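Student: Take a look at the letters that make up each chain.
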Amino acid sequence: MKKKILSSLMCMTLAASSLIGCGNAASTETPAQTDTPAAETTTEETKAEDTKTADTASDTASGDKVTLSIYTQYADDDTKVPYDYAVEQLKEAYPNVELNLIVQAQDDGQTLKTLAATGQLPDIYQASTDIINTFRESNQIMVLNDVAKSTGFLDKLYDANKDLAYAEDGNIYAFPFSGQEYVLWYYNKALFKDNGLEVPQTYDDLLKCIETFKAKDITPLALFGQEGWNTAAAYDVIATRYAAGGIKALDEGSAKVSDEGYVKAAKKLEELVAAGLFQNDATTTNYDQASEKFLSGQAAMFINGQWYIEDATKALGDDVDWMFYPAEDAASYEAGKSAFSGGGSASGFAVNPDSANAALAAEVAEFITEKYCEAKVMYRHNPLVAIDTGKEPDSEYPAMMKKLSDTLPSITSTTKFTWGLTNSTFNDAIQSESQGLVSGQFTADEFVQDIEDTMD
Amino acid sequence: MKKYMGNKLAILLFVLPALAIFITFDFVPIIQVFAYSFTDWNGLTTPNFTGLKNYIDLFTDRVFATSNRNQIIFAIVITVYQMLFATIFAITISDKKMKGRKFLRVAYFIPVILSVTVVCQLWSAILSGEGLLNKIFEVAGSDFKQNWLGDRYKAIYVIAFVNAWQWMGYQFALIVAGIKSIPSDYYEAARIDGCSNVKAHMKITIPLLAETYKFCLIISLTGGIKAFTEMNILTGGGPNKSTFTLTYMMYNAAFKKSDYGYGLAAASVMVLECMLVMLVINFIFRDKDQKKEEEKARRKRNA
Chain A
1 MKKKILSSLM CMTLAASSLI GCGNAASTET PAQTDTPAAE TTTEETKAED TKTADTASDT
61 ASGDKVTLSI YTQYADDDTK VPYDYAVEQL KEAYPNVELN LIVQAQDDGQ TLKTLAATGQ
121 LPDIYQASTD IINTFRESNQ IMVLNDVAKS TGFLDKLYDA NKDLAYAEDG NIYAFPFSGQ
181 EYVLWYYNKA LFKDNGLEVP QTYDDLLKCI ETFKAKDITP LALFGQEGWN TAAAYDVIAT
241 RYAAGGIKAL DEGSAKVSDE GYVKAAKKLE ELVAAGLFQN DATTTNYDQA SEKFLSGQAA
301 MFINGQWYIE DATKALGDDV DWMFYPAEDA ASYEAGKSAF SGGGSASGFA VNPDSANAAL
361 AAEVAEFITE KYCEAKVMYR HNPLVAIDTG KEPDSEYPAM MKKLSDTLPS ITSTTKFTWG
421 LTNSTFNDAI QSESQGLVSG QFTADEFVQD IEDTMD
Chain B
457 MKKYMGNKLA ILLFVLPALA IFITFDFVPI IQVFAYSFTD WNGLTTPNFT GLKNYIDLFT
517 DRVFATSNRN QIIFAIVITV YQMLFATIFA ITISDKKMKG RKFLRVAYFI PVILSVTVVC
577 QLWSAILSGE GLLNKIFEVA GSDFKQNWLG DRYKAIYVIA FVNAWQWMGY QFALIVAGIK
637 SIPSDYYEAA RIDGCSNVKA HMKITIPLLA ETYKFCLIIS LTGGIKAFTE MNILTGGGPN
697 KSTFTLTYMM YNAAFKKSDY GYGLAAASVM VLECMLVMLV INFIFRDKDQ KKEEEKARRK
757 RNA
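Taken in sequence, the protein lines are chains A and B.
Quick note on numbering: my numbering labels position 62 of the first sequence as 62, and the sequence is numbered without any gaps.
Just so we're on the same page, my numbering is the position in the second sequence counted from 1, plus 456.
Only chain A is shown next, with the shape it has when bound in the complex (with noise of 0.2 Å):
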């Protein structure tokens, strides 16, 4: 009977500690509200966004501390740099406001769309086109037209990035701070001279560097293959010399893979990889090992945006330049010149909808996207921005962004970086088999039987 007895108690205890355990989960929810001002604690979570408009308000101007979760890339120079000069500003503009930055991860977007599922989104964060298309189905993505014209943001962008700010459905979810950016095709000055080689218009010409570079043990052009835009990149630098929308047009469905142009692209792909174009363990290579390469003189050629070209004149100063890429022949070189790889896209600072500051969140993400294109500008030297923001830089432009904005205005086509892309079958299609094109291992016909059936 006695053991009887302590065996119930036993389970009663375990039963009570366990109840008490669940208690207690509850209990310590109480001390993360005191984070969030008072007016806002008081207020119900189910509240109109209109009320939520007019809570927000009194808060800045009662002066109640505001704390707004912020994701965005936080990793190199071109990122910090952006983010801590708008962090300075914010505090003069809104000294009731302060950011915690949560870093965003290189994960396909795999963080945020956990965090939206679990209701957990940050109140602003950084955008791409395919997270934009995905929130939007679920509402977890602000609308911010109001916002955009109250605050000026439309009259202040560019006239070639005004499409830029609009998804496919005419709304803006995201005010974006880069313009229009171009995929640039770098090379050693120092490295071609001391070869007796010219800059490349044909791709014959190209052949003859890379037999030139390979018998000296130099790699012809560093490719960072383990990131799929990289390779999508070096594919559609050539496509663009035969069909002017590239990528873009194979994205949106006004082309097709089987068409000539992007099959010739794809063989002559194939040939300058057999002839060694690119370093044999491409596939994987990243980027820091691609452009260590680069700057150090082991490669003669690269491939990236021209947010590189800071990096690339720091480390290699007058020896580096980039080129139009090469064409067929001398005359589709000439041609080429007008078009370009790579684009803009809607992509920048979106806002949570239900964010408690939703209303401010939406007005802060606005002045940050300004801060960074003015920090772009002045530190980063990089005028490819999306808005007019009257700055000049601190120093002078290097050679290689004078070269690039006296091209601007000839510009006629570009295309889209990978993360522009709004066909996510696609752009996981062209991602991996530019790489297994890029690999050597697969062939061009392989590359376009294989996105045919995708796309199909």
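Certain hints may be false.
Partner residues are not named here, just some residues of chain B that face chain A (Cβ under 7 Å, in silico) [said to hold, decoys possible]:
#, residue
1, 495
2, 500
3, 501
4, 596
5, 606
6, 696
7, 713
I should point out that these hints are in silico values taken from the structure, not numbers from a laboratory.
Keep in mind the model is a prediction, meaning the values are calculated, not measured.
Ideal Cβ placement from N, Cα and C applies to all residues, glycine included.
Based on these hints, arrange chain B on the given structure of chain A.
Tutor: Frame of chain A; chain B shown alone:
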């Protein structure tokens, strides 16, 4: 103990917490995985029922065949490597006359306690184009330089080797524990009968470790089927998805294409494959007594 075992309420009370956790965190999610695999769910919005579409797409996807081939290769490589070397090393260090057995016991187990990321970075440095392995060939005057991780067909073997290298120590520990549980009388009796060391291990150690081997086989084969981390770090699934597995297909569909429905169809097939492997292993390692009982039951039925 008998009292408790006879008390159904006590059994229920003791089983309930574990059962509740299993149902909540294992059984229900698995059912959800199967349910969502018949929808077009993107992870955020309300899913729409699409019937067998995801499964038809999956079975006609060229990467599906590649993934299954890779899983089989991966499972075979790690099973053979781990069980073979773990057995040899365990038997070797079980010999009390052997010098340095304590050091070796720790050395074999060290990779297990390392993070997978650390191990992969280590091997990535060794196997890269300009890595240690190719340098060794170069210094030796051989032109056998290989693109170890970038080869469409060979990379999966290299990745499997990295996994096998790391986890061999785990199976080694299990087998050592199994050997220790075998009474030394058996070996003494065998020695008196003039049995050699090798024969004693073949006739005593290995047969008596059947249960341990069964467990080792299950973790190796299911580990092969659900492999992901190593290929994600070492090759990113490339070149062109040639080192994909079903887990990678699931990850790619869900997180890169926001196509959770398709990803979960891949996950469902993977769960079924794991279950099938376990059933086959359990069938192969059926208890002899159980076999006899089955035989008796069959005879009774026939009579």
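Student: Next, verify each hint and record whether it holds.
Tutor: To see whether the hints hold, each was checked on the structure:
Here the hint on residue 495 (chain B) is broken, as its CB sits about 14 Å from the closest CB of chain A, past 7 Å. Interface restraint check for residue 500 (chain B): the shortest CB-CB distance to chain A comes to about 4 Å, inside 7 Å, so the restraint holds. Among the interface hints, the one on residue 501 (chain B) holds; its C-beta lies about 5 Å from the nearest C-beta in chain A, closer than the 7 Å criterion. The criterion of a C-beta within 7 Å of any C-beta in chain A is not met by residue 596 (chain B), whose closest approach is roughly 19 Å, and the hint is violated.
A distance limit of 7 Å between C-beta atoms decides the matter here; for residue 606 (chain B) the minimum to chain A is near 5 Å, and the interface restraint holds. Against a cut-off of 7 Å between C-beta atoms, the interface hint on residue 696 (chain B) holds, since the closest Cβ of chain A lies about 3 Å away. Hint status for residue 713 (chain B): holds, given a least beta-carbon distance of 4 Å to chain A, under 7 Å.
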